[in-house]
Amino acid sequence: MRNLTNGKTNRLKTDSDAFVEEIRGLSAAGHGAKIRAELQGLQESFPQHGWDATEKRLVDAGVFEG
Numbered sequence: 000m001r002n003l004t005n006g007k008t009n010r011l012k013t014d015s016d017a018f019v020e021e022i023r024g025l026s027a028a029g030h031g032a033k034i035r036a037e038l039q040g041l042q043e044s045f046p047q048h049g050w051d052a053t054e055k056r057l058v059d060a061g062v063f064e065g
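Residue numbering for the sequence shown follows numbering that gives the first Met the number 0, beginning at 0 and increasing consecutively.
Treat the hints as calculated values from the structure; they're not laboratory data.
All residues carry an ideal CB built from backbone N, CA and C; glycine is no exception.
A portion of the hints provided could be inaccurate.
Simulated crosslink set (DMTMM-like; lysine to aspartate or glutamate; CA at most 20 Å straight-line) [claimed, not checked]: (1) 33 to 21; (2) 12 to 37; (3) 33 to 51; (4) 7 to 20; (5) 33 to 43; (6) 12 to 51; (7) 55 to 14; (8) 12 to 59; (9) 33 to 59; (10) 55 to 20; (11) 55 to 37; (12) 55 to 21; (13) 55 to 16; (14) 7 to 21; (15) 33 to 64; (16) 55 to 43; (17) 33 to 20.
If you anchor each label on the Cβ, the simulated ranges turn out as follows [stated by the list, open to error]: (18) 55 to 24: 15 to 21 Å; (19) 47 to 4: 29 to 35 Å; (20) 36 to 7: 18 to 24 Å; (21) 5 to 46: 30 to 36 Å; (22) 39 to 2: 16 to 22 Å.
Starting from the given sequences, assemble the full structure and let the hints guide the process.
Following this line, the structure appears as structure tokens:
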């Protein structure tokens, strides 16, 4: 995953706490809507990969709030 705020690329599992925190930081920097739209697009294109569960995990963690 490429962090848009610092240019670094991190390899993170989508079920890791580090992934949640990385997305939280990007969302706080104003990229939340774009990330959520990308997750929804991935779910539409690849429903068997469980992107809806990834989005739900992020929502449950409050990543996209505020």
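Evaluated hints:
1. 33 to 21: holds, 14 Å
2. 12 to 37: OK: residue 12 and residue 37 at ~17 Å, within 20 Å.
3. 33 to 51: Given pair residue 33, residue 51 holds - Cα atoms ~15 Å apart, limit 20 Å.
4. 7 to 20: Given that 20 Å is the threshold and the Cα spacing comes to 15 Å, the pair holds.
5. 33 to 43: holds, 15 Å
6. 12 to 51: holds, 15 Å
7. 55 to 14: Distance ~11 Å between residue 55 and residue 14 Cα, so the pair holds.
8. 12 to 59: holds, 17 Å
9. 33 to 59: holds, 18 Å
10. 55 to 20: Given pair residue 55, residue 20 holds - Cα atoms ~15 Å apart, limit 20 Å.
11. 55 to 37: Distance ~14 Å between residue 55 and residue 37 Cα, so the pair holds.
12. 55 to 21: holds, 16 Å
13. 55 to 16: holds, 14 Å
14. 7 to 21: holds, 11 Å
15. 33 to 64: holds, 14 Å
16. 55 to 43: holds, 15 Å
17. 33 to 20: Cα-Cα ~16 Å, so holds.
18. 55 to 24: 15 to 21 Å: holds, 19 Å
19. 47 to 4: 29 to 35 Å: holds, 31 Å
20. 36 to 7: 18 to 24 Å: holds, 23 Å
21. 5 to 46: 30 to 36 Å: With Cβ atoms ~32 Å apart, the hint holds.
22. 39 to 2: 16 to 22 Å: holds, 21 Å
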